[in-house]
Amino acid sequence: QQQVKQSPQSLIVQKGGIPIINCAYENTAFDYFPWYQQFPGKGPALLIAIRPDVSEKKEGRFTISFNKSAKQFSLHIMDSQPGDSATYFCAASAGRGGSEKLVFGKGTKLTVNP
Amino acid sequence: DAGITQSPRHKVTETGTPVTLRCHQTENHRYMYWYRQDPGHGLRLIHYSYGVKDTDKGEVSDGYSVSRSKTEDFLLTLESATSSQTSVYFCAISLTGTYEQYFGPGTRLTVT
Numbered sequence: 001q002q003q004v005k006q007s008p009q010s011l012i013v014q015k016g017g018i019p020i021i022n023c024a025y026e027n028t029a030f031d032y033f034p035w036y037q038q039f040p041g042k043g044p045a046l047l048i049a050i051r052p053d054v055s056e057k058k059e060g061r062f063t064i065s066f067n068k069s070a071k072q073f074s075l076h077i078m079d080s081q082p083g084d085s086a087t088y089f090c091a092a093s094a095g096r097g098g099s100e101k102l103v104f105g106k107g108t109k110l111t112v113n114p
Numbered sequence: 001d002a003g004i005t006q007s008p009r010h011k012v013t014e015t016g017t018p019v020t021l022r023c024h025q026t027e028n029h030r031y032m033y034w035y036r037q038d039p040g041h042g043l044r045l046i047h048y049s050y051g052v053k054d055t056d057k058g059e060v061s062d063g064y065s066v067s068r069s070k071t072e073d074f075l076l077t078l079e080s081a082t083s084s085q086t087s088v089y090f091c092a093i094s095l096t097g098t099y100e101q102y103f104g105p106g107t108r109l110t111v112t
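Going line by line, the protein sequences match chains A and B.
Using the working numbering, read the first sequence as starting at 1 and increasing by one per residue.
Using the working numbering, read the second sequence as starting at 1 and increasing by one per residue.
Don't take every hint at face value.
Taking lysine-lysine and the DSSO-like style, the derived pairs with C-alpha atoms no more than 30 angstroms apart in a straight line are [said to hold, decoys possible]:
1. A:K101 to B:K11
2. A:K5 to B:K57
3. B:K57 to A:K42
4. B:K53 to A:K101
5. B:K57 to A:K106
6. B:K70 to A:K109
7. B:K57 to A:K101
8. A:K42 to B:K11
9. A:K106 to A:K68
10. A:K15 to A:K101
11. A:K42 to B:K70
12. B:K11 to A:K109
Label-pair distances were calculated between CB atoms; the ranges are [claimed, not checked]:
13. A:T111 to B:R9: 24 to 32 angstroms
14. A:G83 to B:G51: 33 to 41 angstroms
15. B:D62 to A:A45: 26 to 34 angstroms
16. A:S65 to B:Y50: 31 to 39 angstroms
Computed from the model, here is a short list of chain B residues facing chain A with C-beta under 7 angstroms [stated by the list, open to error]:
17. F90
18. E100
19. P105
Because the hints were derived from the structure by calculation, they are not lab data.
As the structure is a computational prediction, the values presented were derived from the model and not from experiment.
Here a beta-carbon is modelled for each residue, glycine too, at the ideal position from N, C-alpha and C.
Kindly produce the complete structure, drawing on both the sequences and the hints.
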């Protein structure tokens with residue numbers, strides 16, 4: 001049973017474009033939604049995260065949009081650069097701080113062409 | 001990298017042999033996790049620990065055991081490795097009182 005569904009599997013954009021990666025969840029107990037960025041041969045790195053009490057969060061060129069009623073959240077990358085080419089994972093968890101069991105989407109491979 | 005190291009970084013082993021992977025952290029974090037990453041599956045939780053000698057199962061725990069005798073070390077053991085356990089294994093820690101998890105560099109395990 002996949003609890004977090006991520007799309008698309010792969011995405012190609014031109015430099016300066018705004019790639020959007022979408023995730024949907026079913027478990028209404030989820031209350032923490034992080035995004036991770038992973039480069040080949042490296043561990044996933046926490047990029048940005050949101051709690052369901054806000055609808056949007058921005059950190060630099062990265063924005064999370066959250067729609068609680070639709071049980072969906074998405075990652076937008078503004079002014080994308082070739083260095084943003086990586087695999088992106090959404091995740092979700094429910095629990096008290098410190099004992100989280102993250103459930104991950106299957107990942108989106110992003111390619112930003114020069 | 002939140003002070004996380006994993007060893008070995010690469011290992012090739014034969015089916016049926018025991019394998020132990022080590023995760024070491026230097027910052028005294030209480031919570032530690034083992035995930036595996038496979039193409040098309042994302043990351044899946046194997047086991048986690050919420051303190052010394054306190055561990056619990058994750059989503060894909062069959063065929064794996066863990067131990068944590070010291071705060072800084074979390075060991076993952078494959079008692080009898082199988083080809084289906086060929087994967088990249090990541091250790092993670094979470095900061096006490098927060099939801100944030102940080103990952104180590106990973107161990108690539110190949111079972112032939």
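Verification of the hints:
Proximity of K101 of chain A to K11 of chain B is assessed by CA-CA distance (about 27 angstroms); at most 30 angstroms being required, the pair is judged to hold. Taking the CA atoms of K5 of chain A and K57 of chain B, the gap is about 23 angstroms. The hint holds against a cut of 30 angstroms. The hinted pair formed by K57 of chain B and K42 of chain A meets the criterion: a straight-line CA distance of about 25 angstroms does not exceed 30 angstroms. With a CA separation close to 18 angstroms, the supplied pair K53 of chain B and K101 of chain A stays within the 30 angstroms bound.
Among the hinted pairs, K57 of chain B with K106 of chain A is consistent with the structure: their alpha-carbon atoms are about 21 angstroms apart, no more than 30 angstroms. Between K70 of chain B and K109 of chain A the CA atoms are separated by roughly 37 angstroms; this puts the pair beyond 30 angstroms, and the hint is violated. Proposed proximity of K57 of chain B and K101 of chain A is supported: the alpha carbons are some 10 angstroms apart, at most 30 angstroms. Straight-line distance between C-alpha atoms of K42 of chain A and K11 of chain B comes to about 16 angstroms, which keeps the hinted pair within the 30 angstroms bound.
Only pairs whose Cα atoms come within 30 angstroms are accepted, and K106 of chain A paired with K68 of chain A is accepted, the gap being roughly 21 angstroms. Our distance criterion of 30 angstroms between C-alpha atoms is broken by K15 of chain A and K101 of chain A, whose separation comes to about 35 angstroms. Only pairs whose Cα atoms come within 30 angstroms are accepted, and K42 of chain A paired with K70 of chain B is accepted, the gap being roughly 26 angstroms. Under the criterion of a C-alpha separation no larger than 30 angstroms, the hint pairing K11 of chain B with K109 of chain A is consistent with the structure, at around 26 angstroms.
For the pair T111 of chain A and R9 of chain B, the supplied restraint of 24 to 32 angstroms holds, since their beta-carbon distance comes to about 26 angstroms. Checking the proposed 33 to 41 angstroms range against G83 of chain A and G51 of chain B shows it holds: the Cβ atoms sit about 39 angstroms from each other. Restraint check, D62 of chain B to A45 of chain A: a C-beta distance of roughly 29 angstroms satisfies the suggested window 26 to 34 angstroms. Take S65 of chain A and Y50 of chain B: their Cβ atoms lie about 32 angstroms apart, and the range 31 to 39 angstroms holds.
Look at F90 of chain B: its Cβ gets to within about 6 angstroms of chain A, closer than 7 angstroms, so that hint holds up. Interface restraint check: E100 of chain B against chain A, minimum CB-CB distance 6 angstroms, threshold 7 angstroms, status holds. Taking 7 angstroms as the C-beta contact cut-off toward chain A, the hint placing P105 of chain B at the interface holds, the least distance being around 5 angstroms.
Hints 6, 10 from the earlier list are contradicted by this structure; the remaining hints agree with it.
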